[in-house]
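**Student:** Going down the list, the protein sequences come from chains B and X.
Number 361 marks the last residue of the first sequence (our numbering); no jumps.
Number 462 marks the last residue of the second sequence (our numbering); no jumps.
FYI, nobody ran anything at the bench for these hints, they're computed from the structure.
Take the hints with a grain of salt, since some may be wrong.
Taking beta-carbon pairs under 10 Å as the criterion, some of the chain X residues facing chain B (in silico) [unchecked claim]:
#, residue
1, V92
2, I113
3, R124
4, D151
5, L153
6, N178
7, G182
8, G195
9, A275
10, G462
Everything numeric in this text was worked out from a predicted model, so none of it was measured.
The beta-carbon is built from N, C-alpha and C at its ideal position, and this holds for glycine as well.
Chain residues, written in single-letter form:
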Amino acid sequence: MISPALHFRASPVRGGSILILVAGLTAMLAVLATTFLVRMRQDAEESNLVVQAGQCRLMLHAGMQFIQEASRVGYATSGNRSVEGWGWIDVRDGAVGPRGNNREILRIAGRVPAPGTLVVRAPMFMHKLPPFAVVPHMYPNQIPSNDDPAVDPNFDRTFGIPVLARPDPAPALPAVFSTHDPASAAQRSAWETGDATPDTRSLGLSWFRVYREDGSEAGRPAAAGGRAADGTVAGTFIITVGAGGTQGFQDWAEVVREGETATFGEDPGTFDVLLAAELRQWFRVAWSGSVGGAENRAFNPLDPGGFAPDSFDNAYHARIPLNSSRYTAGGKSMSSAEPRNYVGTITYIQRLLGSPTDSKW
Amino acid sequence: MLRGRFKTMPVGLAGSRQPSAASDSARNASSIPSLRRPCIWLPISDQPSGLVLKRPLVHRGFTLLEITVAVAIGTLILYTAYAGFRVSTQTVTLCNRMSLENRLMTAGMLRAIDDVDFWTDLDREGHVPLRTIPRKAINGHSGGYDPDGADSLSLPQPFTPFASSWQPGLNQIPAVSNVYQGDWRPDDPRTWYRGDGFLFLQGNQRPEDSVWGNYGLFSGVDANVTHGNASVTVGALAGTTGVPVDRYTFTAAQHKGLKYALGFYGWWDYLPANAIIDWSDRNGTRATKPFELRERYEGEGDRPPSNIGQFSSGFRGIWISGNERPQSRSSYLWEQVLCISAPRPNDATNEVMRLNRWMAGHGDFINESASPISVVLSAISRPADMDAQRPGDWPRVTAEVRRYKIFARTSQDCFVRMFDPATGKMVELDFRTVGSTLRGARLQRRTGVEGPVLPTAATLDG
């Protein structure tokens with residue numbers, strides 16, 4: 001006997017209906033899911049523009065800090081640790097710098113950062129282990145709080161007793177050193193050297209480059225300033241910032257000139273693809289040897305308790321121009337002689353409308 | 001003739017009486033494929049063999065329970081499918097909405113960053129409220145400002161070109177310094193300050209009492225000044241003994257020029273970080289510090305206009321009446337606020353235009369009962385619609401940049417807000433960033449050309 005149910009299941013007409021129904025629903029869900037994924041991808045790509053804009057702004061900060069610091073520091077060598085720059089425009093006599101204590105011309109990466117030249121191209125990435133890194137441990141010497149002899153048989157000698165048993169901060173050492181030995185010369189050397197291998201997670205994100213203007217740049221306003229005593233333009237810079245993977249090379253021709261074609265697999269097409277996906281911005285900034293100060297209400301190193309430095313009404317040192325007075329109180333100067341900034345300031349920032357037309361950047 | 005014989009017909013499930021097992025078997029042997037099709041057995045009316053098959057009296061179908069279960073399951077399947085589809089469509093709709101919101105917020109953030117860099121919220125093609133034609137000079141001693149700010153458009157504003165705002169001879173600016181000179185090099189003796197920064201702070205000293213000398217007295221072009229009820233010669237050295245004529249007048253001349261040409265925000269924006277402000281103007285009886293350093297603006301409605309910015313003698317400490325002392329830009333920004341903005345439409349009092357030219361403070365700042373920063377931030381708020389022509393159900397997104405200086409810092413606060421008309425929710429993205437300064441923005445612009453352009457010719461600074 002053939003049951004009706006068997007007949008029903010065996011019907012090709014009804015089987016097709018179910019298939020069509022299921023297939024239709026599945027197709028609709030698939031279309032919805034695909035549309036959703038496409039939209040999310042579009043959103044992610046558009047959000048990437050915001051990320052790139054943020055990266056560029058960070059690079060602007062980095063570029064300005066480089067200019068400030070390179071005006072004075074970074075020139076010491078193992079043989080001469082007292083080399084110090086006196087500013088992009090020498091604060092002593094207004095000459096084009098940076099020059100050393102004996103007015104000798106200083107170099108950055110072996111090159112004189114003269115006006116009209118590229119000072120630095122700086123692809124940014126993290127080192128696996130920076131030199132002189134410390135372990136981000138908030139409390140390496142926490143007070144022992146366990147009084148259970150089963151956990152610590154010596155608790156009666158450690159419980160509640162603060163001791164400086166470990167260095168604080170502790171050096172971050174390569175993994176080969178399992179235990180920190182403060183007396184180890186090898187460990188200290190490794191700590192000073194670090195590991196300059198790039199962290200791959202940070203590669204290809206952003207870069208900046210700094211070009212030092214000499215006044216011949218196309219479209220440079222006459223009022224842009226930055227002139228040394230002899231009239232040479234020496235204190236303004238073009239900071240180019242980028243969020244992408246070109247590592248700050250201007251174009252493929254520069255890659256070839258610098259002998260870095262291997263970086264891009266010897267393929268200009270690869271460079272072009274990276275360039276097309278990159279966000280670049282250009283800024284003109286001016287450096288000044290002037291330093292700030294007198295802006296911190298609590299900054300009162302010479303008189304920490306005498307004039308209520310935490311009360312801004314009476315925090316004289318927060319308001320008196322820096323290093324400007326011979327008045328004293330209690331044998332102490334009323335005007336702070338210690339600025340917080342020893343590397344000059346950026347007097348203005350000018351975002352350029354686009355890439356300089358003469359490739360001087 | 002089919003009539004009277006059994007015949008298989010694929011007509012459906014309606015039940016009928018079925019043949020015996022033997023005949024069924026034989027039939028199946030010859031037509032097995034037909035068994036896989038729904039069929040119905042039809043009776044033959046003229047049966048010669050005596051085998052009588054009665055027309056079935058009962059047509060068997062699904063029972064009520066079967067139908068009920070089938071309907072229930074079918075309904076459940078349909079509802080599940082419908083619910084799934086509906087949830088999917090709602091999800092896509094919601095994602096589309098969120099995508100739209102994210103895109104608008106993203107656009108707002110990029111718009112704010114662009115505004116920070118190009119200042120197009122204050123000066124762009126078709127909108128240049130801060131480029132005025134100066135027609136009014138101000139008095140170094142008393143200021144001479146209209147208390148209600150009605151003269152704001154007669155005074156230079158931050159985007160007025162130096163060509164028309166750096167006024168020759170204003171407040172004794174010597175001709176040799178009658179242009180803006182942006183390179184205040186530390187090695188240049190003209191930029192050196194020779195006085196004492198702590199002057200007048202002890203014992204109610206007056207300028208005339210200072211044992212260290214009043215360097216500001218030497219900042220004018222007049223050889224004689226009247227102070228301490230006596231006329232004395234202070235400028236005899238200038239140009240007569242080998243000292244360059246602008247040795248003692250350079251910084252004062254630059255300060256005066258910037259102060260008039262740009263207002264307080266611009267003045268501070270252009271100064272080097274450690275510039276000391278100290279010069280004297282003449283009021284006929286004595287030399288005094290310039291009006292703007294003694295007065296401040298406290299905000300609309302905060303104090304009577306006649307008393308705007310007047311430091312009270314009740315202040316303790318360094319702000320007692322002897323406040324005519326050297327200052328630095330950073331120390332003046334201690335709890336004082338400088339800002340820059342464009343006027344609101346229908347702004348009767350030109351409050352913002354006045355704020356551009358004034359330092360803002362608050363009379364009760366000692367006790368921090370109220371901070372001028374809140375007053376200033378409200379006054380300079382200018383949210384701009386991202387898309388005024390948007391569809392009615394789209395979120396409204398605004399972007400704005402508030403530029404001010406306080407605690408010796410320049411701040412550019414960006415606010416991006418989204419208002420959703422469907423849900424009433426408001427989302428705000430607030431961030432600070434660094435970008436073009438006012439001087440940089442002026443270098444982006446040319447005289448007679450609105451907004452930032454390629455500066456192939458003279459800029460607002462020359």
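**Student:** Any hints from earlier that this structure breaks? Give me their numbers in increasing order, please.
**Tutor:** As far as the earlier hints go, 3, 4, 5, 6 are violated by this structure, in ascending order.
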